[in-house]
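Q: Whole structure, please, built from the sequences with the hints as guidance.
Protein chains in written order, with the numbering used here: chain A, 38 to 353; chain B, 15 to 262; chain C, -4 to 263.
Worth flagging that the hints you see were computed from the coordinates, not collected in a lab. Even for Gly, the Cβ is constructed at its ideal location relative to N, Cα and C. Among these hints, one or two may not hold up.
[As the list claims (entries may be wrong)] Covered, in the sense of this in silico footprint (three residues per stretch, anywhere, with C-beta under 8 angstroms from a C-beta of chain A), are these stretches of chain C: (1) 37 to 50; (2) 110 to 123; (3) 201 to 214; (4) 218 to 225.
[Said to hold, decoys possible] A partial selection of chain B residues facing chain A, derived with a Cβ cut-off under 8 angstroms: (5) I43; (6) W109; (7) L126; (8) R227.
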Amino acid sequence: MSMFRLLLGTIVAATLALSARAETLKLAVGQRGNWDTSVAELGQRAGIFRKHGLDLEILYTAGGGETQQAVLSRSVDVGIAAGTLGVLGAAAKGAPVRIIGAETTGAADLYWYVPASSPIRTVADLAGRTVAFSTVGSSTDTVGRMAQAQHGVAFRMVATGSPPVTFTQAMSGQIDVGWAAAPFGVEALREGKIRTVFRGGDIKAAEDQTIRVLLTHAAILAQKKAALRSFMQAYRETVDAMYADDALLKSYAAFAGIPEEVARQTRDQFFPKAAVDTGRIQGLDAIMADGVRFKFMAAPLTAEQLNQVVALNQLK
Amino acid sequence: MRAGAALFGLVVVAGLVGLVQVAIGAGFIDEYTVPRPMEIAAALPRLVREEHVASRFLVSAAETFAAGALATVVGTALGAALFRWPLLRRSFEPWAAVLAAAPLVLAYPLFLVLFGRSSVTVVVIAFVSALPPVVLQTVSGFSSVRPVLLAVGRSFGLGRRSEFRHVLLPAALPSVFTGLRLALMFGLINVIGVEFLINLGGLGALINDLSERYDLPGTWAAIGFVVLVSVTFFVLLDGGERWLRQRG
Amino acid sequence: MAAATGIGRSTWGLASGPGTAGPRLAAALLLGGGWQALAMSGLLFQDVMPPLQVLAGGLGAVVLDGGFWANAAVTGAELFLALLIGGVAGAAVGLLLGVSAFMSAAFERWITWLGPTPKIILFPVLILLCGVGPGSKVAMGAVSCFFPMVLSTAAAVRGVDPVLLRVARSFRCGPWQTVLKIYLPSTVAPLLNGVRLGFGLALIGVLLAETKLSNQGIGFAVMQAYARFDMPRMYGLLILVVGFAAAVNIALGHGTRLAAGVAAGRDR
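A: Structure (structure tokens):
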């Protein structure tokens, strides 16, 4: 029995073991190209998920509602960047959703801007103006109202939809103040085409709200618990790597199709590492209060219901 | 016989709906993807009470009417012009055909810039989408008139204008009305679609809101109101066609 | 005069010929000039209404990008299958409704009423049935073009000359023979016209589905371009889609003229 045979045997066994363990998970990800939503893609490209025995099939949606629907119909295993409000609302209706991690906490990536030619300079100038937010019940809706309370200014909020549509309307003068989430518009900021009026990161009340989550279906959680545990481990490892150095930053810039400086500004100014900590699920009471107000749910979830929905501990 | 057939159709449709209800209850269809028909029915009064469905219905219906009426007037005029001058027809009928297939709704940012965030944008996009079918159907309707009818007209010594009024128009009327129905179909789809996309105004915006709130019964009930708009217009169109036919 | 006005001979469009270049060029210059004037005037947000040279640049960038052709192939394949499935199903149902007055009175109104409803509501159900991949996009396109296809076919079948049907009966033709030898040749021209109209809806259905849940296709590419506010690229993609629609229409138009010619030839 030569060393060679032993080595060969080990290699074959290891390869078999590794390929046998490579399980495929299907993901639905909202808002392709944002820093927080790119964890899966970057981790996949860097081989981190493969190291944990996972192959990811990543599909992109146009928003949180579709991400949630894809999970609920079990067409995908994991949904990334679904709005917490929507997920809790579905849970209140008895849908078998399970939150397996926080995706974004706080609103540091949001900012409100005006065209360079606008006379508006500070939040005080916003009195009586039209200010954009995406849709009723969204984080931009919440943060916009928080901003009014924090600064004691009353302005008119208008639902304008996604950042590109909002940008079109803001630059055409159809609305006074537009909203965006980095990296959208960061290049325009750098070029001086637009100017920030206030940022989500300045709004204290928003700091501790987990506005987007990772979710799965209760049945998938039961069937694929081991794979989901590996997934979350690999996810956390990728997040660490994204902030440790610039290797994944470059990968992100290439993936999102943006210049590297824009990518760096997005990470360093708009996404503090704490914002994408998957272990922090916070502010659910305030979120559920909004849920009742905006008719996402008839009443807040009971502690028992919450315990069932928020399934982080099951994957520890 | 017509009443019997209509009843038969209704029974079959009701039966299918009932089948869906049973299938969801038995778990063959996921209840979190397709809501039970009974729940959808229960959501209808809730929508009327809480979501201002009546005014939204009127907004969508008005936008559809505006787009459809514009498409009809402009479309039949253009169609008649293309038929009257063969060179124009040979030049631009293909363009109308291409326009009919183009997904104009994807260029909605352009329309937003041109016409602002208002019902005008919705109506314009729906009008431009509904125009080509009307033009194409009008042209083909006039050109399919059987030659024997025109020969008869000429043997009576009819001038061009009389020929148009008394021979061409009545003979082409069924085709024109088909074009109107198509205009309505394209128009309404686009009105609801654009309202949904830019979250403005009538039933389309309501569907957007309800689906974001994961109110599945509500979303499907709102679709029901869209069908109601559709039914209203088609019943009116059918009545109009019958009245014109009777007038000769 | 009858020949010149095309009366009695439905050409179903696309009969280009001598002299069309003039009016088309004039129209193109008018539209292009109008656009350029509006874009350069500074009256409107230039990013969304870019001058023609920027549009040309966007078009060039898209065409030279290898990824575009891969996406185009995916969408093209999905569209072809959608038209095939929706077209055949629609024609079959339309034939039934056209032939049977009873079935028409029973069901045609439901098809008409349900036609203008947004089919995108069915997309989650289609994902359930056909998976998250291209299958659900094909299904979306098929469902979208089914309805106009049914109505066009039914109208076309009802328009078949009753004389021909009596001739068929006098020859004691069976149902299949009647369909193949009478209905099909007489209706193939309006049928293709129905396909043309259904094509637009199928295209929109497939593209919309690709914006909802996907990772490939032209609809996906358009959404990505718009999300980054890369308007030249988005317009480049849209121009190419319209160009593709034009090409398909020309092909369908030639097919229709051929079929109409064959049918007319048979009538002589």
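Q: Work down the list of hints and note, for each, if the structure agrees.
A: Results for each hint:
Evaluation of the coverage hint for the segment 37 to 50 of chain C: fulfilled, as 4 residues show C-beta separations to chain A shorter than 8 angstroms, against a requirement of three. Three residues within the 8 angstroms Cβ limit are the bar, and the segment 110 to 123 of chain C against chain A gives 3, so the coverage statement holds. Interface restraint, the segment 201 to 214 of chain C with chain A: holds (5 residues with C-beta to C-beta distance below 8 angstroms; minimum three). With 7 residues carrying a beta carbon less than 8 angstroms from a beta carbon of chain A, the segment 218 to 225 of chain C meets the three-residue requirement, and the given coverage holds.
Hint status for B:I43: violated, given a least beta-carbon distance of 10 angstroms to chain A, over 8 angstroms. Checking B:W109 against chain A: minimum C-beta separation of about 28 angstroms lies over 8 angstroms; hint violated. Against a cut-off of 8 angstroms between C-beta atoms, the interface hint on B:L126 holds, since the closest Cβ of chain A lies about 6 angstroms away. Taken as an interface hint, B:R227 checks out: its beta carbon lies about 5 angstroms from the nearest beta carbon of chain A, inside 8 angstroms.
The structure is inconsistent with the numbered hints 5 and 6, although it conforms to all the rest.
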